[in-house]
Amino acid sequence: MTEPILRLQDVHKAYGALKVTDHVNLDVRPGEIHAVIGPNGAGKTTLIGQISGALAVDGGTITFDGQDVTAKPMHLRARAGLSRSFQITEILPEFTARENVALALQARQGHSFRFIRNVARDRALNEGAERWLGELGLAHRADTPAGILSHGEKRALELAISLATEPKLLLLDEPMAGTGREETDRLVEVLTGLKGRYAMLLVEHDMGAVFALADRISVLVYGRIIATGTPEEIRESAEVREAYLGEEGAA
Amino acid sequence: ESLKIGFLATLSGPPAVLGIQMRDGFLLGVKEAGGKLGGLDTEVLVVDDELKPDGALTKVRGLLERDKVDMMAGVVFSNVMMAVYKPIVRSETIFVGANAGPSPIAGKACSPYFFTTSYQNDQNHEAMGKHAEDAGYKRMIVMAPNYQAGKDSIAGFKRHFKGEIVDEIYTKLGQLDFSSELTKIAAAKPDAVFVFMPGGMGVNLVKQYAQAGLAGNVPFLSAFTVDETTLPATKDTAVGLLAGAQWAPDLDNAANKAFVASFEEEYGYAPSLYAAQGYDAARLIDGALKKAGGKEDKAALMAALKEAPFESVRGDFSFNTNHFPIQDVYVVKAVKREDGKFVTQTVEKVFDDKVDAYVGECRMN
Amino acid sequence: MTLMTGSTSSHRPSRTDLAAVVVFAAFALLPAAAAAMGDTFIVFFTIRVMVFAIAAVSLSLILGQGAMVSFGHAAYLGLGAYAVGILAEHGIWDVTVSLPVVLLTCGLFAAITGAISLKTRGVYFIMITLAFGQMAYYTATSLSAYGGDDGLTMWGRTEVFGFAPLGDRTTFYYVVLACLLGVYLLARMIVASRFGRVLKGAKQSEMRLRAVGIDPYPYRLAAYVIAGMMAGLAGALLANAAEFVSPAYMSWHRSGELIVMVVLGGLGSLLGAIVGAASFLVLEELLSHITEHWRLLFGPFLILVVLFGRGGITGLLGKGGRND
Amino acid sequence: MSATLLAVQTLNGLQLGILLFLIAAGLTLVFGVMDCINLAHGVQYMLGAYLAVAAYALTGSFWGALVLALIGALGLGLLLELLVFRHLYDRDHLDQVLATFGVIMFLNEGVKVVWGAAPLSLPMPDLLSGSIVLMDGLLYPVYRIALIGAGLGVALLLYVLVSRTRAGMLVRAGATNPAMVGALGVNIRRLFMLVFGFGTMLAGFAGILAAPILVVEPGMGDNLLILAFVVIVIGGIGSIRGAFLAALIVGLVDTLGRGFATDIAKMVLSPSAANDVGPAIASMLIYVLMAGVLFFRPTGLFPARSG
Amino acid sequence: MSVLLEVEGLEASYGAARVLFGMSFAIDAGEVVTLMGRNGMGKTTTIRAVMGMIAADAGEVRFEGQSLTGAPSYRIAQAGLGLVPEGRQIFPTLTVEENLVATGANRFGAAPCWTLERVYGFFPRLRERRANMGNQLSGGEQQMLAIGRALMTNPKLLILDEATEGLAPLIRREIWECLARLKREGQSILVVDKNVDALESLADRHVVVEKGRVVWTGSSAELKADASVRERYLSV
Ligand SMILES: Nc1ncnc2c1ncn2[C@@H]1O[C@H](COP(=O)(O)OP(=O)(O)OP(=O)(O)O)[C@@H](O)[C@H]1O
Ligand SMILES: Nc1ncnc2c1ncn2[C@@H]1O[C@H](COP(=O)(O)OP(=O)(O)OP(=O)(O)O)[C@@H](O)[C@H]1O
Ligand SMILES: [Mg+2]
Ligand SMILES: [Mg+2]
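Protein chains in written order, with the numbering used here: chain A, 1 to 251; chain B, 1001 to 1365; chain C, 2001 to 2324; chain D, 3001 to 3307; chain E, 4001 to 4236.
Honestly, the hints are just simulated from the structure, not real lab data.
Just so you know, not all the hints are guaranteed correct.
Cross-link-like lysine to aspartate or glutamate pairs, in silico, DMTMM-like; alpha carbons within 25 Å at most [what the hints assert, rightly or not]:
id: 1; chain 1: A; residue 1: Lys72; chain 2: C; residue 2: Glu2206
id: 2; chain 1: D; residue 1: Lys3266; chain 2: B; residue 2: Asp1134
id: 3; chain 1: E; residue 1: Lys4224; chain 2: A; residue 2: Glu135
id: 4; chain 1: B; residue 1: Lys1086; chain 2: C; residue 2: Glu2089
id: 5; chain 1: E; residue 1: Lys4211; chain 2: A; residue 2: Glu182
id: 6; chain 1: B; residue 1: Lys1068; chain 2: C; residue 2: Glu2292
id: 7; chain 1: B; residue 1: Lys1086; chain 2: C; residue 2: Glu2206
id: 8; chain 1: E; residue 1: Lys4211; chain 2: A; residue 2: Glu135
id: 9; chain 1: B; residue 1: Lys1068; chain 2: C; residue 2: Asp2168
This is chain A alone, in the form it adopts within the complex (with noise of 0.2 Å):
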């Protein structure tokens, strides 16, 4: 078996009582989509949080790549390639969709303390913008400042962004959630594609996307990861229909 390249250990974090995630064990392994799934409220976005920096953890280790990456702070562990996307869309409103995705790649490329070129001009840049544009269907929206864009199309430009770091691990928090049918089905598309390129933990409320993409689900409850397995092992689970799909699993 390879190593996972992300690893967390009996990570946990409370806001007082309430015990948000509750000693997780997780790993995703190279090249593969692994889905977490679970009610409302039941930790994911924290989860994603803490993997990728922006929340402190109470207690567990986060290994990333081989690294201990705990303490690390959140730009560091980027730079690291671990990327993530928000579900509360984060996006730079006043730049073009061109410069939000410009942004990500120049950061890729690394320090920014360059005072003397003209970035609007940085053909590299645009060009490599230009391309997540077009891979994610915004590519007609280039010049327009994000902040205007529609609700769905926010939702696209937050992905391409964390596509354009090119990370090694891709956390997605709801990518789909707000997109139109269509735009889901491309977001599949996109997301089947880069599979095998990218490790993705992918978090997401629209089944047909998870059980589509995903090579393994866990189940996160009230902080607590209930179960782990393939999909199939999944939706065959009764806890789980119980406590989160529904029907819907069967469908």
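Chain A is already provided as a structure; the job is to place chains B, C, D and E with the ligands on it using the hints.
Quick look at chains B, C, D and E with the ligands alone, frame taken from chain A:
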């Protein structure tokens, strides 16, 4: 022939009242000369320095270069004075000060172009020091805002007071609440206090001094704290408090009686020493121009100015070699006049023909 | 909000470029025009305008681009001025000493106070920079050796290898203009660079920047230090123009005025800062000639600019061009 | 430093703190809760005092002046809101800075035109002009006790209003998302107008109450405005409780600093150096305090608003 | 059946960019209607214009026969429209409970009226988090709160813009069930949601939007039958 005078005064912010008094006094002097100082049609360009030294400097340059004024006058605050001093005297423009009298200008940096009808900054503080010494106070607390003029004032006070200074309190500039300081005073039980708290600070202090019950118990000596600019606000609470001043409305001479009467008639409020100084400045210019026979011969005019050819509202007035006044200094007291207005009144003369402490450093004669 | 100078990818001179050329050409030609009209004062006055324009551009760099609203920016004006003034008091006049000292002092002060202040955001940042500004102010007022509150008169101007070129007003004028141009171009370059993009991005969402691997803090700090040094230069020039140094340069009122200049000119536009500084000072000068109570006019003017001109004066002028 | 002295100074500090809270109270509402940077708060405070002086001249009674001036301040607040502020709520903070800076200029000058530049005063009401002995040789005016009472009352009123009433909730909600509050059926404009008017009235109230112990002069609110912001920021923007505690702390630190900084400096420095350093430190103490608090707690002591 | 909401020739734009080009549709009392269409076609903009949150350039909005065109949005809400906005927009500085009660009202004396208790009963998760600040909620919890908040105004017409975004399947189903129940109680509802399948069984009529215009209207049965509409405008 006409005369153009640039008059710089602080007319905005809380201390505006000082500048307004000074300006009103000056304009009254011009008006009484029929709008013609020394027989010349006089135009006074009043400019607000906003108490910003660098801004004042720009405005002075404008007066000198664009408006081509013949003379400059006014200036309330020392820091503004210091900022505009150099360009004025460098351009060899005659300046007749009507309030600020910082020590460098009286001493090392004195200039033949600079005259002032007010005082050297220390004078009134020195008078209170002398008064305290004469009154036999042994232990005193002195208090001033923590800025240069405050420190100068305490230095001036100490020049003639030889007793013990129990505590030197420097407060914040613009302080509102003095309970901490008053508590200290009450605890130390000095024979008297000396304070320098110009403007609104003085009003706050005087009111709170009375409210803390100190007014009757610990004698209150002051300078630039209790005068006609603050009395309208402190009213009864200030009555009986002492201050050092080179002028008071009740000084017994003809020029002064006429000045006070016509000032109150003209503006409807009681003049303070700032107004008196402004008025004297106009009168000085008037007298000197007459004596020199016009403004053309600058040397003659300067010589004439030096002789102070005018009736000062202070009576006895002459210039020292540094062009600062030699004058009498008094202890004055706040009183309520019959007409209900609050004014200061002379109590005793502390210095006769007082000479400032820095004249020795001035290499002019 | 305008979408930032320099973010267009076209190579044609933009409206901003044209406007900048007009503004600087006007500055360059002014002494000649003044000489023709026989008005020497306007040259002196414009020196002051340009000095404040430098300070305003430096503030605009951090405020407009990075949303770092420094309410203590006048401290650098004062620091630069005091560095020059105190050196002069000790007989050191040469620019080869004083300029590095000015830049170093301001840079250092900015680095230390910035490192602390940048832990906060928004109004908290405004207030913590105010706090440091006030500390500098009170320190200056208690410097009895250098005149304290009364200030410090300089009996000369900064020299270059023993020559005193600044003594000539026209030369001084062009030196200040060159400084303004230099600061403006530098600031523009910074804004348009990769560094500038990070700065502007951090203003919109720090979380987003961290998530792509950029920690905004060092960028912010660097910008803050650069701006502090630029303002220090303005302070050094101010000291030379006034030949006088005073704690009043550092008062919070002055910091407030700098903010007003930048906002009045138009947030996010460096040229706007120059326009803002100029309009503020010129209006003040003109209105105060009309009436002693000129603030009764100036106050409502500011309100009207806000109510009707989104994006300050440059916003008003450039309506339709860049603002939608 | 005797124990009594320390105790009295502590009391002085707390009392100054309450006065500061009183002055900051209106601003906590308009800036802290409604999130509108209102630099005009200081001039609103000033106008309260001036209106009271004018009303006193009319009625000859402190209480009459109080009532009339409060009504005047409310009217002024509503007028200002109508003309200026209502156009500013959804604007950038810096636009608010610029516009309210204009309001300051106008009103400071206006006051000078109407009432002149000389300082004025408002007599203390007879009812409250007595005093009690605090320490040998030092009296404590009853009026100051009344001020403490008024400060506590305003604190309680504000606290209840903001965190316990529906209007308070709506104002807090409207500060972050007025459009949404409107879309849920609340006339947020009218509510903001009333709250702003009330805030102005509170500022005026502080001005009126301060008038008998402090000077009434043009520009009297300018420095206090900064102090009010210091208090709010230390307390944590939007938190009434925070503002109250911060006011007490600021008052205490300032008073004790003034009371003891020079004496403490004298222990390590020569008297003349101590006289240089002590007062300078005392002057900047509250700024050092603010910088220190924000360094360790970047959103103040009791952060109420996040994001 | 009486007409509840009528939208006629509605046009609206953001700055210079026109987004709505004459939207027209109507909702009868007691009806459940959907707005469908791809991302960026103007569904949300239509709702904003109806609610008075952006000014319409042209067109009419009538509610119960009364014109609401140009009225401020609080008036429109008071007339009986309750909005669950896109992107939740809960109040971050209010607690969960405050979010619910701050704008709560029962203006028309609705019989089984929505109270705090009833909302909590419906979303037990909210009861657990009642003292938390709005911005401390998870995405899904925020969504529940937004729905609860709109219900607490006891509207005549409930408008849901992507109200099930980010909700877990179970909850989502419960919400559909709840809407069905509300419908049975006579509640009129306008829904925007990407879950076309669920909507087909719930809604009476569908309005398909493309580029700011209504391009198709019809019943669920018609929609089911018309594969070309589903394909062209909804990519289903
Ligand atoms: N604030 C705004 N400023 C400018 N344009 C905007 C703004 N909001 C939306 N738009 C534009 O208006 C168009 C319609 O947007 P709208 O939000 O109404 O679409 P939608 O149908 O609700 O899409 P979605 O399914 O993605 O929510 C889009 O092209 C969008 O970019
Ligand atoms: N700062 C906080 N303080 C208190 N509780 C919090 C805070 N942040 C989150 N929570 C709580 O932690 C729980 C987990 O939240 P989280 O956002 O991780 O859920 P989630 O699994 O992503 O849910 P969803 O599917 O709805 O997005 C929620 O119940 C939330 O209310
Ligand atoms: Mg989540
Ligand atoms: Mg939408």
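Now for the hints, and whether the structure bears them out:
Distance check on the hinted pair: Lys72 (chain A) and Glu2206 (chain C) sit about 17 Å apart at the alpha-carbon level, within 25 Å; holds. Proximity of Lys3266 (chain D) to Asp1134 (chain B) is assessed by CA-CA distance (about 30 Å); at most 25 Å being required, the pair is judged violated. This hinted pair does not check out: Lys4224 (chain E) and Glu135 (chain A) have alpha carbons roughly 31 Å apart, beyond 25 Å. Our distance criterion of 25 Å between C-alpha atoms is met by Lys1086 (chain B) and Glu2089 (chain C), whose separation comes to about 16 Å.
For the hint linking Lys4211 (chain E) to Glu182 (chain A), the alpha-carbon distance of about 16 Å falls within 25 Å, and the restraint holds. For a cut-off of 25 Å, the pair hint linking Lys1068 (chain B) to Glu2292 (chain C) stands: about 20 Å separates their Cα positions. For the proposed pair Lys1086 (chain B) and Glu2206 (chain C), the alpha carbon gap of about 51 Å is over 25 Å, so the pair is violated. Simply put, Lys4211 (chain E) and Glu135 (chain A) have alpha-carbon atoms about 22 Å apart, close enough for the 25 Å limit, and the pair holds.
Restraint check for Lys1068 (chain B) and Asp2168 (chain C): satisfied, since their Cα atoms lie roughly 20 Å apart, inside the 25 Å limit.
Against the hints set out earlier in the document, violations occur for numbers 2, 3, 7.
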